[in-house]
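Start from chain R and add chains S and F according to the hints.
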Amino acid sequence: MRNLLTMNALSVLEIEEIIGQAQDFAAGEGWFPDRPTYVANLFFEPSTRTKSSFEMAERKLGLQVIPFDAGTSSVLKGETLYDTARTLEAIGVNALVIRHEQDAYFAELAGRLNIAVINAGDGCGHHPTQSLLDLMTIKQEFGGFNGIKVAIIGDIRHSRVARSNADALKRLGANVVFSGPPEWFDERIGNGAYEDMDTAVKTADVVMLLRIQHERHAQNHHRTNADYLERFGLTKAREKSMKPRAIIMHPAPINRGVEIDSDLVECRRARIFKQMENGVYIRMAVLKRSLEQAKGGTVYENNHQKWSIAR
Amino acid sequence: MRNLLTMNALSVLEIEEIIGQAQDFAAGEGWFPDRPTYVANLFFEPSTRTKSSFEMAERKLGLQVIPFDAGTSSVLKGETLYDTARTLEAIGVNALVIRHEQDAYFAELAGRLNIAVINAGDGCGHHPTQSLLDLMTIKQEFGGFNGIKVAIIGDIRHSRVARSNADALKRLGANVVFSGPPEWFDERIGNGAYEDMDTAVKTADVVMLLRIQHERHAQNHHRTNADYLERFGLTKAREKSMKPRAIIMHPAPINRGVEIDSDLVECRRARIFKQMENGVYIRMAVLKRSLEQAKGGTVYENNHQKWSIAR
Amino acid sequence: MRNLLTMNALSVLEIEEIIGQAQDFAAGEGWFPDRPTYVANLFFEPSTRTKSSFEMAERKLGLQVIPFDAGTSSVLKGETLYDTARTLEAIGVNALVIRHEQDAYFAELAGRLNIAVINAGDGCGHHPTQSLLDLMTIKQEFGGFNGIKVAIIGDIRHSRVARSNADALKRLGANVVFSGPPEWFDERIGNGAYEDMDTAVKTADVVMLLRIQHERHAQNHHRTNADYLERFGLTKAREKSMKPRAIIMHPAPINRGVEIDSDLVECRRARIFKQMENGVYIRMAVLKRSLEQAKGGTVYENNHQKWSIAR
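Chains as they are written, first to last, in full-length UniProt numbering: chain R, 1 to 311; chain S, 1 to 311; chain F, 1 to 311.
The following block holds chain R by itself, in its conformation from the complex (with noise of 0.2 Å):
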């Protein structure tokens, strides 16, 4: 069993690993686990395009996935995470994938079962096969991450993957700063100082757009959308002040008008489609990684089974 709950927890070489062999399945390269292995996606949160990716890596690795649904599972019993996920286990998967709304809801599983847990994100905590998926991006465009400049622009505070990413990319060596409404930012992130959103804009080679989190934080919101474009998005305007190469990042769901103009969205800089493409890649590398490790062999030390006239 190999878990993948954070960026932290992977090494500056062990993310060099996910990403080669994400981009080995992007070239064609195939791998398939070596017994029927079967696999769950465990989403208590409303997901298309990471739950949609999962699906696909999985099929494309060969897995069995067993169907499960939160909104009619045993959880609205009162169910706890862990006693749906060693049932899973018992009854014979082989990973999870886990999308919830607590953060680090995965402290409650470690160590407690033999099989692999993948986290498709925990709250306002982490979110790694997203980050991967943003640095395989990267590299792919750049060849790498040295002296690269990425301005991360917008909902830090309540964003997964800003966190996330500043880490990672400051340690494969990019510049990280960030950008948008001041009182979204949060000294405490480190990695990275404040700009200015034109000089944010203006001076990167990856100019990465945080989703507003509508959901997240409805009241302190007061802005129109056409006004936050304005102050905080990407306009058509500054678009053009972009450096020749740079490009565009995005995690959607897109907020068409407000993060970005609409009309940007497949524009020649933006790489907000070939991310999902990437994501299918990565989440590929991340189960296989998982798997393979778990070949071994899972004892379940807790089962005392018997088949015998013992009395």
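Keep in mind that the hints were calculated from the coordinates and are not lab data. Yeah, the Cβ is synthetic: ideal placement off N, Cα and C, and Gly gets one too. Where hints are given, some of them may not hold.
[As the list claims (entries may be wrong)] Using C-beta positions, here's what the derived DEER-type ranges look like:
1) S:Gly123 - R:Thr203: 47 to 57 Å
2) R:Lys236 - S:Gly123: 33 to 43 Å
3) R:Thr224 - F:Cys267: 31 to 41 Å
4) F:Gln102 - S:Gly111: 27 to 37 Å
5) F:Gln102 - S:Thr80: 37 to 47 Å
6) R:Thr224 - S:Glu230: 53 to 63 Å
7) R:Thr224 - S:Leu13: 17 to 27 Å
8) S:Thr80 - R:Pro67: 24 to 34 Å
9) S:Ala110 - R:Glu14: 38 to 48 Å
10) S:Thr80 - R:Lys236: 16 to 26 Å
11) S:Glu16 - R:Ala226: 48 to 58 Å
12) F:Glu230 - R:Glu14: 25 to 35 Å
Structure of chains S and F alone, referenced to chain R:
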């Protein structure tokens, strides 16, 4: 990419080809794409039969189905249908089957995707695979359409099926009449006159009942069910007046005791479950048609993938 | 077609055969149908374990699973269960696994379908695959049932499992007693007397705890959780009084700290997750039994398919 959006877009020859292919599938013929092929079913409205039928058709063709749950998708976060569709394209889905409550939802997608879209129902608009399976059922029974009289009865104004069917039947050489509550008939539908219920049932080769869509016009449906059945439904007495070889069709789900006496649902004349059986073969034929076309290779002009040390 | 609807309908020999086949599957035996076979799981009530377990069993047998989501199905449009089931039969599904909140929902289907129905729980009625996996777990432990004392404890009146199990255990030669809140015991259940909690736990070979179904009788459950545990749950003190080889069972989901002290859920005696593991093999055996029978060929008397120029 070869979409199937409306019946109007299909020539008589194309209709005959699809029905012929479906009949070959019904006779046991197989067809499989020559490489792994992925499809997603986006159902934004409740459905048992159409969705299950596509799911079955997809599996019979050996396609991989990427699950999509509209109720937990990013559409809840305000994502546009285009961005959702484009996302699924980016992760490698080869065809989308879409049901959506908005009339002509596909206008938003037309010409903007490199993968096929198959319309599984748009609002009060079209439902081409339902029309095709109706036509297949009639052809199986009568060998063709020339001179066949089809009476389309019931909630014509709100029926996707009524209008597509009337037009296609007309083009194929059949005679179409409409019946049911006169206030639900609309002369602008064209392709057939209104006949009173008893005459229509007595003289038709095909009595095609439509479902009363309680969910669409609750308020102006003031009649009781028993009253509706007596005045505009297929009662046992009316069934007795039908021509010897005439058949009964209904797109289902059936409101038993409203459009049709419950005892007639599986009577000798009824082809209701036969229609559902045919639906699988029609959908196989439609999917094959879309996927064969797609085989030429998808070019993503929009993605500038690089893997170079460019700077 | 060979349904599995209730335990009562199974002879002792049939029970032993199913358990034997399940044990063969547990030991690594495989079985696959000799042609593509389709199954649908219709769960009208929340479930993790039973649904996932069937999904796993189906995949281990190489079956194709047609997804069915009760929450977005035509049942919402008022379709009868029979029409839904008949629809799935018409599109080619070979077996239906159904959980439904209505007691004996299957009476509506009996004799009207040509495909197998497997009952995955009906209201407060039956849950035969749960009973079978319980029996398998006991047999694994003790080699058989003769003279084994099983104490069924808790919410007997509302438990599907309690009654099926008591009857089957009795027929297989075991002794059954009931315990828990006396007002939840009902003498009409038969097959076993009531014992006070401490005696039952101390003298049983199998302590079979039932789940308190908060969702079924919220109002008359006035006790606090801690109070319930102390009076009628398996506390650590009671566990210490158990016979040396005695085991603990629970159908799950578990209300930790109510029916059982949370620390005992995975203790040396607990077979709770072992039961879940066995459930997959039992369901494989039950599916095989239904599908082998079905192999004779389905005849649709009701469908008059023709492909002729008949008029």
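Against the structure, the hints:
{"no.": "1", "hint": "S:Gly123 - R:Thr203: 47 to 57 Å", "in the structure": "48 Å, holds"}
{"no.": "2", "hint": "R:Lys236 - S:Gly123: 33 to 43 Å", "in the structure": "34 Å, holds"}
{"no.": "3", "hint": "R:Thr224 - F:Cys267: 31 to 41 Å", "in the structure": "59 Å, violated"}
{"no.": "4", "hint": "F:Gln102 - S:Gly111: 27 to 37 Å", "in the structure": "49 Å, violated"}
{"no.": "5", "hint": "F:Gln102 - S:Thr80: 37 to 47 Å", "in the structure": "41 Å, holds"}
{"no.": "6", "hint": "R:Thr224 - S:Glu230: 53 to 63 Å", "in the structure": "57 Å, holds"}
{"no.": "7", "hint": "R:Thr224 - S:Leu13: 17 to 27 Å", "in the structure": "53 Å, violated"}
{"no.": "8", "hint": "S:Thr80 - R:Pro67: 24 to 34 Å", "in the structure": "27 Å, holds"}
{"no.": "9", "hint": "S:Ala110 - R:Glu14: 38 to 48 Å", "in the structure": "44 Å, holds"}
{"no.": "10", "hint": "S:Thr80 - R:Lys236: 16 to 26 Å", "in the structure": "19 Å, holds"}
{"no.": "11", "hint": "S:Glu16 - R:Ala226: 48 to 58 Å", "in the structure": "53 Å, holds"}
{"no.": "12", "hint": "F:Glu230 - R:Glu14: 25 to 35 Å", "in the structure": "50 Å, violated"}
Of the numbered hints stated above, those contradicted by the structure are hints 3, 4, 7, 12, listed in ascending order.
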